[in-house]
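Q: The residues making up each chain are set out below.
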Amino acid sequence: MVIGYLIVVVGKNSAHLLYLGRPLRFWRAAMRPDRSWIARGIWATGIFAAAGFVYLMPHLFGGAWRLLDSAQTFSAWIAGLAALFIMFYDGLLMSASPAIAFWHTPMLPLLVLMYATLGGTTLSLALREIAGLHDQVVPALLHAERLLLLGNLVFLGAYLWRMSRWTPAARETVRLLLAGPYARAFVGIVVSVGLVATFLLSLAAAGAATRALLLVIATCELAGDFTLLLLLLKSGLFAPQTAFPY
Amino acid sequence: MPRLGMVIDLKRCIGCNACTLACKQEMGTPPGVHFARVITREVGTYPQTRRTFLPVLCNHCDNAPCEKACPSGATYIRPDGIVMVDRDKCIGCRACAVACPYMNRHYIEPDALKSGYDGDGPNPYEAFKFADFLEGTVTKCTLCAHRVDRGLEPACVVTCPTEARIFGDLEEKGGKLQKLISERKSWTLLPECNTKPSVYYLDS
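From first to last, the protein sequence lines are chains A and B. End of the first sequence = 246 in the working numbering, gap-free, step of one. End of the second sequence = 204 in the working numbering, gap-free, step of one.
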């Protein structure tokens, strides 16, 4: 839980901060939650950070820091809802813009949410293994992992199929991913390693889940996960302004 | 309140790029940044080929996706329809540049203002003009708001030798822009994006 918290609060925000052209003005990113998905994401991250810290206080500083049960439950719910929003608001951000047809679909936030759920499940498996927590949660996580892998494979296929019948820019993106310069990374890492190989390995782990096998599963899936996000960003194409025949 | 816009007559445009140069001179944009540019295309099959020219600039959209994407409120739409960027509020996230379907938002890279076109450092004119820009922020065409507020027309409109660019109020009933748009075959760029641009093109 603490590692997940740190990944979001420290890792994610640090990455955003490094990218900004004027990082000292970072606080302005929260000014327009009424219009901007980025601002909404910043607010969600802030709420998650605050509520998550309240919830984690007893784990970090001891039982004396535990609040009333109702307050703990409330902070857990708020942190959970904020985390759910954080899982897929970047998909909403990308799909909100009409500029890049490959992103401008309600399917993208769903794809991002599914991959976020899969990534979270994988990370939970890996961290439990590293921490030496071999309990009844592990088989359940493995089962969830398998279902999510299958679900993601099917949904990713449906997404590409839909985009292959969309605008010329979207169709070109599909071509780049399947037969163009990104094909090796997409087919090789995202699909073959991240989904197919991971699924087969997780089937093997159902019988004998060794530490090495679980960590390999986690590495393969996370590699596919991050590669997909990177490729989604790199492959999005603007429609040419000269598309109109004149 | 007027809604300022532009009509570009593609029958008159000869692709001379005078608008590109006029804008560069008026705004003093850094190397690599062009608020106004001309897309040139060759169409047809030999021997029936011809070159076509499409002058592009910020469309100052009524439903601007850049304004919606901006988290800091740096991008705003003036009452007269001109879309502006407040460089003192811009955080340089470039969400607007991704959101703009027309690719008319320009990020000023770090150190971009330290070298002029000669590469030796900005000359006195560049140094004076570069003061209007801030590294790490996004900039864009302002429809020469500083000229418009003084009753003048944008530099690209004034310079065009064939008078292919016509500037005015899109809301003016029976005004020159509305007349041109209704009398000739006209269109806007990427209408499927539903941005409601203020720049119309008259068919060639």
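Be a bit skeptical, because a hint or two may be false.
Claimed, not checked - A few chain B residues that face chain A, going by a derived Cβ cut-off under 8 Å, partial list only:
| id | residue |
| --- | --- |
| 1 | I14 |
| 2 | A18 |
| 3 | L21 |
| 4 | P71 |
| 5 | K89 |
Hint data in this document are derived by calculation from the structure and do not stem from the laboratory. For glycine and all other residues, C-beta sits at the position ideal for the given N, C-alpha and C.
Q: The structure should be examined with respect to each hint, and the outcome stated for every one.
A: For each hint, the structure was consulted:
Look at B:I14: its Cβ only gets to about 15 Å from chain A, farther than 8 Å, so that hint breaks. Of the supplied interface hints, the one on B:A18 is violated, with its beta-carbon coming no nearer than about 20 Å to a beta-carbon of chain A, more than 8 Å. Using the Cβ-Cβ criterion of 8 Å, the hint placing B:L21 at the interface with chain A is not satisfied: the shortest such distance is roughly 21 Å. Checking B:P71 against chain A: minimum C-beta separation of about 4 Å stays under 8 Å; hint holds.
Contact between B:K89 and chain A, as hinted, is supported at the beta carbon level, the nearest pair being about 6 Å apart and thus within 8 Å.
The earlier numbered hints that this structure contradicts are 1, 2 and 3.
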